[in-house]
Amino acid sequence: MVSTPLSKWKLAAITSAPCGAYMNYAEGLMASNIPTSPQETAVDFQEMGLQDKLLRKPTNQSITRMSVTLQCPGYPEDTLRSLAERLPCRETQLATLLALMGQPDQYSYPSVFIYGHRATGKSHVVLSIMKDLELPHASVDCVECVSSGLLFHQVLSAFFGPDAAALLPRCPSLSDFVRLYKQMSSNSPATQTRYIILDRAERMRDMDFSLLPALLRLQELVNDNVTVILLSEIVWEKFRPNTGCFEPLLFHFPDYSKAELVQILSWDHHPSYTPELYASYINILLGVFFSVCRDLRELRHLAVLNFSKFCEPLEKGEAKESDIHKLWKNIEPHLQRAMQTVYLREVSSVQWEQQQMDEKEATTLRVLSAHAHIELPYYSKFLLIAAYLASFNPARTDRRFFLKSHGKIRKTNFLKKHEKTSNHLLGPKPFPLDRLMAIFYSVVDSRVAPTASIFSQISSLVTLQLLSQVGHDDQLDSPKYKCSVSLDFILAISRTVGFDVVKYLYDFL
Amino acid sequence: MHVDYCEICDGKNIGTYSTASLLALSIIDLCETFYCHLGVNVPDHAMTFRSLCNLLQDSVTPFVVSVHAKECAAVKLLIQKVLEQLMGRGVSVDEEQEDDTALLQRTQCTIIFPQRTESLTNSDLPQSLPVVVIFKDFEAFNSQVLQDFILICSRYTQELPFIFIFGIATSPSAIQHRLPHSVSSLLCIEVFHSLSCTQHLASVFDKLILNSQFPFKLSSRVIQVLVGIFLYHDFSVQNFVKGLQFSMLEHFKSQPLSMLCCQKQEALLSAKTLSKKNVERIRHLPSFMRYVETQEPQEQVQLLTNDEHVKEVCQQLLKNLHKYHKNYYPILQCLHSLTSSLPKFPLGKHIRELHVSCIEKNLWETEEYDSALQLLRILAKDELVAALRKCAEILKSTKILQNVLQQLEDFIGRLEALEEDSSGNGIISGKMEYQRTDLFQLQKTLLEKESRRTKRMNPFEVLRSQVIEFIDSLVREYLTPAELQPLNEVCYYNSSGVLRQRLNVTPRTSIQAALSHPFYYLQNESLKTDAGTISSAAPDLCIVYKLHLECGRLINLYDWLEAFLTVMSAAEDQDTNSEDARFIQAVSEMEFLGFIKSTKQKTDHVARLTWGGC
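Chains A and B, in that order, are what the protein sequence lines are.
Anchor point for the first sequence: position 206 equals 898 in the working numbering, and the numbering is continuous, going up by one each time.
Anchor point for the second sequence: position 193 equals 198 in the working numbering, and the numbering is continuous, going up by one each time.
Keep in mind that the hints were calculated from the coordinates and are not lab data.
Please read all numbers here as calculations on a predicted model, not as lab measurements.
Be aware that one or more of the hints could be misleading.
Said to hold, decoys possible - Lysine to any residue pairs mimicking SDA-like chemistry, simulated, CA-CA at most 25 Å apart:
hint	chain 1	residue 1	chain 2	residue 2
1	A	K1008	A	Y965
2	B	K86	A	K1172
3	B	K602	A	D833
4	A	K1174	B	K247
5	B	K81	A	R895
6	B	K605	A	V1162
7	B	K607	A	G766
8	A	K1172	B	A612
9	B	K551	B	N561
10	B	K75	A	F1147
11	A	K1121	B	R587
12	A	K930	B	P185
13	B	K81	A	K1096
14	A	K1172	B	T615
15	B	K605	A	R1127
16	B	K551	A	D916
17	A	K1172	B	R613
18	B	K75	A	A856
19	B	K354	A	D1126
20	B	K247	A	R1127
21	A	K1121	B	R183
22	B	K607	A	P1142
23	A	K1096	B	T615
24	A	K1172	B	S501
25	B	K602	A	S1151
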């Protein structure tokens, strides 16, 4: 039964279905020598019927039903039931996690790695378990931890109170943390498994390189009943350090299916309408948005935002709750429009609602288009155009565009092979300041003095992120820039100054 | 604009409709924020933000923080900055302390805040007051820092509502460019637009320049320079005002007769007590000389010899000047309101353009004025009446030129009285109104008009041409160019060249001028040379500079030294020992000035960095 760690994670990566995670869990349980009593392990397996089902691949349904009814010894039963009710469509994961945790006083697996997309309920499930079962835990968001010291501080103060955390030296190292933890846990040994939950664990990779491997086998290091749960949106392969480390137990939270989304979204139905109506509304909403967005949070936001519009005919008495088709006809174009603007957050919810109010007066939506709104001084516009030309034309073609007697240069023979591909596909190229100024002087129609303000306009453009500075070695003598605006943008800009930029672009000859 | 902010912030307290619990207001400062003056980091919107900050503090929440991108290169620093401003200087993290203390304080802060706010609001409000964070220059922030900060804040929104205000200079889509969807979906974004900078400029113009209240005036050329800098270079109203202040300083400094540039009574008083020197100066003013020429010969003699007489005349002229200004501005506004609605804006879209052309030359001699009058002549009746009413409003508010106002109202009355008799004409003129914008149609109508006029004119047309005649006479009487008024030099600042030199500097040109013509700066006659020759008496740097102009992109140091020695050998007294050292020093000075830099492309060569005269 004992398999190598390598095959373990491979299996987990390949089989992402709940049953896969189950198998993975079972293997993990068997592979690691968790000091639980052999009797209880046997009970666990018998109850789940895992030993047989490993081979038979049980269906989703059977496992779900089983795990709901599954009582975990050591935890109050009614709490478990309410927990299962509060976490719809995550029963499988809940049961697996509970089984993984074992009884409160048993040693658990040293580290668990939970991954899944955004809004698949990773943190919610884990934290709900911790809170409802009142387990000792430290929940840390790695975004907040700009240094590892902060992480240590939060963990220690969660387990042993702020006094213990205050004992940390000013710039604590990992060994300080382990030493202090040991010292504290010898004073107050764990009666229950302690959990360290690290949200957005991908940020840990940017911290000290030894931190992650150490945390993965923290149980071993501090000799305490502690489990580290890592939550992340990306897979374990992207975490594994070069030097190798203790392999955590991998556990995947799959995306919600459409049916599950309907089930969850129907939960927050409006009190003054029937749940059926809300469910049909959710169905319509998902029909529009499911193809572009599966984020539960976003969908909830959209559902709340558009529900009042959906109910409008009902309130006016134009339709009954049973006229689903009529309601659909009413809401459908509205949702399509919502997809264009609200989803991108171009308008706020308040503005969106206001727009819906005076929809009758002005049918055209006030969408904030990107380029119509930028106002720049006259020479800045030309500087930007010149920068665009310098970025997207090969330097060798400048003669052709900006000299009066350039002779005839054929496009085909003139350039090297790699220059023949569209420069717009390759993206902007860096150019020196000299070239920018030379092009600027030849595109601007009047004679411009090289005043200080012309040069400060370049740096203003850089601050506005319309240009970007490239390279850091020689900023004073010969700085290099790149133009970072789109063709549409530059077309709009050049239209305002009456300059035909397409005529000067090598790609459009 | 500020009222809006408040409403939103208040509205936010009430509205808890959205699942996204974080509210971000982003003010889109379209142009104002375009700051670009020589590293002066005080853009126009600093003032806007300051007043917004005060307003929020007074009316919404005491917890207002404003941060600048420069100070917040990392999340740590950003949080530190925010906390420092929130909790007062006393709790500020001192620099020696390690980074994590800041974040520890942040977590403590979330506990402290609800308590604080409770004590402040005496628990009238169940909600705690929001914390407002103003990001003054959104574009300059590192997007990773912003993302992290928003994520961290989103964790605490349950206990502590946050409002972010982003000052964006480009376009609202910058938010989407800088923040990934996972972060921007945490925000509830509302967009506000500030006034465009040209509107700001217009209001500054109205308040400071197109106003008879202030005796100090700008000549047309100076206005053109200032507006040019604004439109072509920086879009900064603040710089415009600075330019105005500078020209005022310059005027009072350079023109001794500016002592007469003050309020009327004071000016008359000081005119009475003019010193002999100043009387002489007045005699030399071009405008005064022009005035003298128009006088009788006997009077001319008096003016040129009798000081007392000059003083008296001067008082009279000053009075005239003040009266001219008083009448000028209302009539200018009338003319602008009449012509600003015409197609193609023959006299300019903005009143400043009209003003410039008025003070520069006789407006009625220009082609644009003619075409404007032509267009006015074909106005429909209702339009004409509306335009005249607007003029009457303007004149009413100024309380001068009552006779003009009387006449105008008389015209309006007569135009309205026509209504009953000539309903047929009304229809025709109504039609013309639709064709107004089409140029071809316009031409046709003009021609038609021309031919019809020769035939016969109906009462409305007669009256209309009378109105136009009247307006024309007003323009000829009151909008005479200021530069032709006697003694205008007292009030008008007109050295645009100086202004351009001071405000729109060209550092490189002046360095190059100094290096190629050291004579101007050192004031040494012996340095005066012909173009193309190099004098050995010039400073080493100048010689080296002139020699390097003859080279290509890469300069061979040895050749350069040889040439330098050749030039030096022309001088009589020479000590050969120090020449190498002098050359090396000059070359390093060139490098310091940014004309050359060392290169690895070729040994013993330096690269030239500047080309051409500019």
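Would the pair K602(B) and D833(A) pass a check requiring their Cα atoms to be no farther apart than 25 Å? Judged against 25 Å, a Cα distance of about 50 Å means the pair is violated.
Checking one constraint from the list: CA of K602(B) to CA of S1151(A), max 25 Å. Satisfied? holds (22 Å)
Run the distance test for K75(B) versus F1147(A): straight-line Cα separation, threshold 25 Å. holds (20 Å)
Does the structure keep K1172(A) and T615(B) at a Cα separation of 25 Å or less? At roughly 15 Å apart (the allowed maximum being 25 Å), T615(B) and K1172(A) satisfy the hint.
Restraint check for K607(B) with P1142(A), where alpha carbons must lie at most 25 Å apart: violated (31 Å)
Need the status of pair K1121(A), R183(B): alpha-carbon distance at most 25 Å? Holds, at about 21 Å.
Is the straight-line distance between the alpha-carbon of K930(A) and that of P185(B) 25 Å or less? The given pair, whose Cα atoms are some 20 Å apart, holds under the 25 Å limit.
Against the 25 Å threshold, does the CA-CA distance of K1096(A) and T615(B) hold or violate the hint? holds (23 Å)
Does the structure keep K551(B) and D916(A) at a Cα separation of 25 Å or less? violated (80 Å)
Just to be careful, I want the Cα atoms of K1172(A) and S501(B) compared with a cutoff of 25 Å; is the pair within it? Status violated; Cα separation ~36 Å.
Below or equal to 25 Å on CA atoms is what counts here, so check K1008(A) against Y965(A). Roughly 14 Å separates the two Cα atoms, so the pair holds.
Quick one, are K1121(A) and R587(B) close enough, alpha carbons at most 25 Å? violated (42 Å)
Hints 2, 3, 4, 7, 11, 13, 16, 18, 19, 20, 22 and 24 from the earlier list are contradicted by this structure; the remaining hints agree with it.
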